[in-house]
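Line by line, the protein sequences give chains A and B.
For the record, in the first sequence the residue sitting at position 294 is 294 according to the numbering used here, with numbers rising by one throughout.
For the record, in the second sequence the residue sitting at position 36 is 353 according to the numbering used here, with numbers rising by one throughout.
Everything labelled a hint here was simulated from the structure, so no lab data went into it.
C-beta: ideal position from N, C-alpha, C; glycine also.
It is possible that some hints are incorrect.
To be verified - Here are the simulated distance ranges between beta carbons:
1) 549(B) with 303(A): 29 to 39 Å
2) 175(A) with 502(B): 36 to 46 Å
3) 516(B) with 303(A): 51 to 61 Å
Letter by letter, the chains look like this.
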Amino acid sequence: MSEVLVVVDHVDGAVKKPTYELLTIAARLGEPSAVFIGGADKAAEVAEAVKKYGAEKVYVVDDAQIKGYLVAPKAEALQQLVEKTSPAAVLIPSTVEGKEVAARLAIKIQSGLITDAVDVQEGPVTTQSVFAGNYTVTAKVTKGTPIITVKPNSAAPEEKAGAGAVEEFAATVSDAAKTAQIVASQPRQATGRPELTEAAIVVSGGRGTGGNFEPVENFADSLGAAVGASRAAVDSGWKPHTFQVGQTGKTVSPQLYVAAGISGAIQHRAGMQTSKTIVAVNKDEEAPLFELVDFGVVGDLHSVLPAATEEINKRKG
Amino acid sequence: MNIVVCVKYVPDATADRQFESDKTVDRVGVDGLLSELDEYAVEQALQIKEKAGDGVEVTALCVGPDKAVDAVRKALQMGADKGVHVVDDAIAGSDAVATSLVLAKAVEKIGPADLVMCGMASTDGAMSVVPAMLAERLGLPQVTQASVVETQGDQVRIKRDGDSATEVIGGTMPLVLSVTDQSGEARYPSFKGIMAAKKKPLETLSLSDLGVDASEVGLEAAWTAVEETTARPPRTAGEIVKDEDGSGAKALADFLASKKFI
Ligand SMILES: Cc1cc2nc3c(=O)[nH]c(=O)nc-3n(C[C@H](O)[C@H](O)[C@H](O)COP(=O)(O)OP(=O)(O)OC[C@H]3O[C@@H](n4cnc5c(N)ncnc54)[C@H](O)[C@@H]3O)c2cc1C
Ligand SMILES: Nc1ncnc2c1ncn2[C@@H]1O[C@H](COP(=O)(O)O)[C@@H](O)[C@H]1O
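Chain B on its own, in the form it takes in the complex:
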């Protein structure tokens, strides 16, 4: 069985994230890392591998700038078998549509995948659309936002908290699967894992390796355009009271009444 896990390199959410002058996300000036939410996808891929035993190969796939190779490395340290990093200057500024194109071509290049796994959303763009776009491009079904993943042979069953119901969803491989942060704590790389990762195959691909034309990706080719980005004005410091002898409750009620919430 072949599993491809899509891992994104994102600016650290606890750092001060910014936009560049061309209104794309600053991916160079801010420290980046493997998107936390994609660690859960790596974890589930590794659990499927561990359960199924031999014959399962997990490939970590990332589309991103030079530094993004760190995200692939982290996945290898966690236990993925090989890594693929697609890097090309032309990709900078790509939207989800173009990113999904590059990912789809890379998945095809890696070879027939039984499972293409993703995180629930990237922690920077947070659109949660790439998995569905990938599924559409690869002509595959999608079972997404899984909080529990079970596989048996080529059958996949997931549980998810849907918009109005908790659902069990079933599908047959090959398919695209995305998992949430409820699916189970992701492992930390062990010392052994870190050492072993150094010897694992890590392939770097360019757009031409994938047969994607540079005009199909990047900021120019995006099907959407950002007009303006505005930093949210800092909230003006509000009133803070200390609760002494029950005075807090009354002050709170007064405030709510003054704002007409009561």
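With the rest of the complex left out, here is chain A:
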């Protein structure tokens, strides 16, 4: 069986959940091999984590030489790894960086690229959600080695023991690739809540919060949810841009999406329309978001959410 390369999504060796989803998908297509580009001292830790989800091999590309440079060196390393392993496919997390690495890799290895897949089945045949979630498209790569970037929540991670054999891969990175450089980096403050794109439940607030996100946050916490925001709330400075859900923010596809004080403009819908269950709280019964909901409350979020939070906390006991 051919190998399927899975690029590990991690922060300093701490493996993120989408990696396990990608490994689960990779097992449908061939033999999963994890590719860890990071500090070699974290290799054992990463191997331990990924082998639980079926990784047979773990290629370690030490990033000592390329840390701090943007995507180009990673694309070069992957190109060399693809040439060495002739994989059946390369799966990459659909993050900003992941998509750019994939883009460069596609040109380098003259292979087709599919981005933002929400499902991948044997073939590989991908499923994407396009036009603000109004269409579903299935597609295939027809040239070269399929390169697919996969969105979070595209598969339920399945535990499965793999050998997790660590193999150092010494990539040669050209000087030309080491040009755009990270000058300063401020890690995101931990919110203590689940990550927006990975969360099973997301509760977002919009202009209707009037800048007071407390009811939204308390309600989110009662459900163990991540907190999001509309662009209007972000533009008003109530929440940082990383909270934004929509066309120019994050696309989320959780089990439950709750929108409070959000009207439901097309650009917002583009980021949440594929959520399994949608709930809205809005005092205007004409708000377009109500067209999408499974359940809606016409009312003031400042009274509905706190009362609902209390009710939920009571039921949880």
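Here the structure of chain A is known, so what remains is to put chain B with the ligands in place on it, guided by the hints.
Just chain B with the ligands now, kept in the frame of chain A:
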């Protein structure tokens, strides 16, 4: 300094966007316009020009059907100095890989560019890959998804909200730069701008002008193939309750409990 801004002509997002029978995006039946997200790139290009003063030329470049010239015109009205529209029947149905090839050849044809600027994503395809592909093809570094752009001489610094950190990224021209909708409101064309645009040079190029073979682009040459497109079934109308005397909160909790979210 030469700045090339890549502007795409896209179907209006507020209209009913469709697929054609060959599963390509319908770019003719739906009204199109300059992609809103590319207006931000035009704006930043113009701001760089205004700051640097004379000696900066901004070229708006678009690859697209006949009507796509409207996107170039809009950029000229906003203040770009000249326009280049690449149009060729063979291009229809091109994927990002082929589009980036045509764009790269056009950038080379326009002349050495110090900055190739793009929007963060096209509002139709929304892949956000063309800038990276262009950078790869042109052999240039890329600094992408900028929410703040600063230039000094040939140095570029941007700020961006990365996946796990807020970063400052630096690079030296020439490079490919993409900007987000956080980078600053795009200007509206003034009456003067609209009049002036009529006199600005607008060049139309075909594939042969760029030395690109028709077999390298278009639907046939695409490295990916769409198998099926399905309109998302409309969501069935859900239950909507009016909150009276706090009844809304209880109904909401009941609903969430019935779906096992509590
Ligand atoms: C290029 C472009 C990209 C964009 N990208 C995004 C994006 O990524 N994400 C995004 O969200 N938007 C995006 N937008 C903006 C989008 O068009 C809308 O302007 C925005 O989503 C509106 O946010 P909102 O719903 O919070 O505000 P509004 O539209 O002002 O709606 C506020 C809602 O709150 C309700 N309300 C007010 N008070 C209360 C109360 N006390 N209780 C309950 N309800 C109340 C009102 O009835 C109203 O429905 C984009 C726009 C453009 C042009
Ligand atoms: N056909 C095109 N003509 C000009 N610029 C384009 C074209 N396609 C993409 N671009 C540029 O590439 C950016 C990203 O596009 P995409 O990768 O399709 O999301 C856009 O914001 C444009 O700046």
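Run the structure past the numbered hints and jot down the numbers of the failing ones, going up. none
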